[in-house]
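Q: Use these hints to put chain H with the ligands onto chain U, whose structure you have.
So you can see what is in the structure, the chains are spelled out below.
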Amino acid sequence: MSDRKEVSRRSFIQLIGGVGASLALGSFSSLACADVTKKDKAGNTAVFEPNAFVRVDPDGSVTVTIICPDAGQGSRTALAMLVAEELDVDWHKIKVVQAPANQSLYGRQGIGGSHTIIAQYNELRQVGAATRYLLVAAAAKTWNVDASTLKTSNGHVLSADGKKSISYGDLTAAAATIPLPTTKPELKKDADFKLIGKGATRVDNPDVVTGKAMYGLDVKVPGMLYAVIERTPAFGAKVKSINDTDAHQIPGVLQVFEVPSGVAVVATNTWAALKGRKAVKVDWDLGPNADLDSAKITAQLKAAVGPHKEMPAGAKVIDATFDFPYLAHATMEPLNAVADVQDDHCTIWTGTQQPNGAQGQVANMLKLPVEKVTVNVMLLGGGFGRRLSNEYVVDAVNVSKAMTKPVKVMWTREDDMRHDNYRPACHASLRGAVDTSGNPVGWSHQTITAGGGRPGGQFGGANIAYDIPDAAMLQAGVRVAVPTGAWRSVENTLHNVANECFIDELAHAAGKDPFEFRRSLIKNDRLRNVLETAAKKGNWGAPLAAGHGRGIACFQGYGSYAAHVIELSVEGKKIKLHRAVCVVDCGTAVNPKGVEAQMQGACTDGLSTALRAAITIKNGGVVEGSWTDFQWMSLDAMPKVEVTIITGTGGPGGMGEVGYPSVAPAVANALFSATGKRVRKFPISLDEMV
Amino acid sequence: MALYKLNVNGSDHSVEALPDMPLLWVLRDMLDLTGSKFGCGIGACGACTVLLDGAEAQSCQVTVSAIGKKKVTTIEGLSKDGSHPLQKAWIEHDVPQCGYCQAGQIMAGAALLHKNPHPTDAEIDDTFAFHVCRCGTYQRVRDAVKAAGAKK
Ligand code: FES
Ligand code: FES
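Residue numbers (the numbering used here), protein chains in the order written: chain U, 1 to 690; chain H, 1 to 152.
Chain H with its partners taken away, still in its complex shape:
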């Protein structure tokens, strides 16, 4: 066990954890940030996706000891009040079904739009091919990402 200092959604935290504890469980069990979801634990679904210094990362695949000074952004910290263009587009396009995969989809979209505000279909394919939505919301994910990009 060791003490780790983390910056999550702009706030500093220190947690005592095993060095190999994935960030996902630090967020969920220790910081009560349950927006990032457990879908597989092996980096195969994207439900746990967060941003590390603005880039997409699967929090089930990053250990607490590997984070260092990188800033962590979770769905709870994407905006103060749900006003990120993707969050708004997600509501407008009524994307969620069960909703469980959606934080991961939105965070992946946020990283994509950050790099490229007007992604092509092929770029959207590239980013989201990895993100499983068992409910099949893909059509609306695509539509909402495009709409949010257009507004950015």
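Just chain U, with the same shape it has in the complex:
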């Protein structure tokens, strides 16, 4: 990319931005885009590329540059929809390309906190609108009419009477000579949306269903070697000695050496690397955590619970505790990266949630300027927070540097599961009170996480959606050697689950229906509305068959609102899930199909972690290694998942995480309805209910 073009692109970003600090946007410029056309191979027609985000080709196709990784949340589709909407281009003419890491050009590219669509909702529509402005002005110039008389539809500019029409593809050369507008083009009114709110199937589907979609693990570059790393059996263990004699007997094994994360085995193909790794004998110094186990961690968490806040005199006081395990992210595609470290530059291919972070980290490691590190962002076979950190990139750089060749480092499923940054284990202790008329009058929640966090904590706002006087929460952590990190909806995987189980218990103590009790106490209208909708869709109050139970729970966060009703039955020792009613209000649902998918996925996560999945610590390491012992929901065990989207206007809320935190409590509450017993521990075991 030439410097001049870079300048022109930046000016455009400044034009479309203004408010969006997220894309590092500034003020307006009227710079002409004279250098933004390209000759095609025949040398006559031009490609119109007015900015860093969009390109119009002479065939009328429009290519949108996606700056954020897509981990399966569908952002490549939804972001392209935003441009297509304002550009008034036929969705089938849209193509997407994934941007490499380049913070100075694009701003922050990371994905986390459910903010991808929120952050770019206005900016990308501005990109579309400004590009449309230039194409319309080009048509006006060609036809010698006033641009304000022209309309656009399906990738064409139309004359006022609709008699004349010219395709965007035929306007590319002319559009490139038009100066940028001096004010921001007006955006469509919500009522005029043709794509937003209607839904599109994913842009990557055709490649996914034919096996062409490229994930990090699919990358192969010339001369590339394959490596796996034998990793520490206990957190904090160190290599004492390596015996690689047997490993070198395996054809294809090239080298075995120590790297910061363990012992790398490099080979000419993956299988040889895996076999070589098995044959390597590493003597480990297990280090200070060798006898750490889950029981000790739970004891430590429980010991950190302090006195609860005083409950009002004369009120009926109830107590409950909840234990949560560590959780692995277990993305379907195990972590991996390809690195090609050269003397004065480095190229990375990987699926990461933090392209800019990866670029900076590698630049630091290799003492290279950031612009000498290229991070190509591949499709992510799942993220859920795991790919917010880039240890796998660091691995690949270390091995490539040592080999002076491009290297792919693959984490096995077991590596991935045993060396995660886990959702912290947690012990939650709650105390609440209701008065004699059944009104809640006290609420004290202490949540102690094994997240390395602060040893102390302060009672603060209770982080609940309900109007309960003096409700308070204390968050504290104990230091444990198990690494922790963000896991889809982060702290809400704990707080909201405990809160929504406990409010049910308060309702019961008050002799009230748990839905009505919540409804009467909810402070936010949108949350009340999703709760009421879920109750209605879930036939709340209708008679239940013998052994059946129904539970309800809700959550607000990330600018969105969700509620769930779960219906299940208990037959002997078996829990059978019948229905999962999921309701969400995320404001403007840019792509309702994507919103529905996020709710279905989050519901699966909620059910999996309510009923099946847990990470156990033993001898300082993780016991579970694969899908056999870290069990996820399977198709046959899934209930019917029914998603209702309450559509709003005025912009989107986040969708990546909101669908998770009310699923597990709805399951727990449904089990109470079915059995009269309460859940005290996740994942739920019927035997451990009280």
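These aren't lab readings, by the way, just hints derived from the structure by calculation. Source: prediction; values computed, not measured. Don't be surprised by glycine CBs; every beta carbon is placed ideally from N, CA and C.
In silico DSS-like cross-links for lysine-lysine, where the CA-CA straight-line distance does not exceed 30 Å:
#1 H:K69 - U:K220
#2 H:K69 - U:K212
#3 H:K146 - U:K574
#4 U:K212 - H:K88
Derived DEER-like restraints, expressed as beta-carbon distance ranges:
#5 U:Q249 - H:P117: 44 to 54 Å
#6 H:D126 - U:P222: 37 to 47 Å
#7 H:A129 - U:K212: 23 to 33 Å
#8 U:G223 - H:G10: 22 to 32 Å
#9 U:G223 - H:S83: 35 to 45 Å
#10 U:M365 - H:D126: 43 to 53 Å
#11 U:V239 - H:E16: 25 to 35 Å
#12 U:L686 - H:K70: 37 to 47 Å
#13 U:N524 - H:K80: 51 to 61 Å
#14 U:G547 - H:D126: 21 to 31 Å
#15 H:P117 - U:F257: 46 to 56 Å
A: Same frame as chain U, but now just chain H with the ligands:
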């Protein structure tokens, strides 16, 4: 190391490999057919599913030396142009999220529909119970399999 002749997606290939190399790595590392995915390597997820003479098989669990004359079909060879009823139904029902498990799901569906074009819910349960989708696309997998079956 030995030389193995394989028929993959209708073409003959010969590869030099260790006899115990799983078909998955032959496909991915040697034939550059990366549509079949590595999800566990122990036969526990289904991401690597291919067809062997039309029947579902986990390519991480079949060694190159055990294939013999069996014809291998991967997601890349399911149809010439993405026109298999399952591929079309998958797009229409917008099944993929991250997409990583989807080749395995589709290949399992292809084997099922081959045997039984109109599977019941219980038969779908049976086939797919083993196939992990970490993103939770199960509802749409079920819908798409049924739709593709109906069109067959
Ligand atoms: S990779 Fe073969 S079953 Fe998981
Ligand atoms: S779509 Fe992501 S694992 Fe199935």
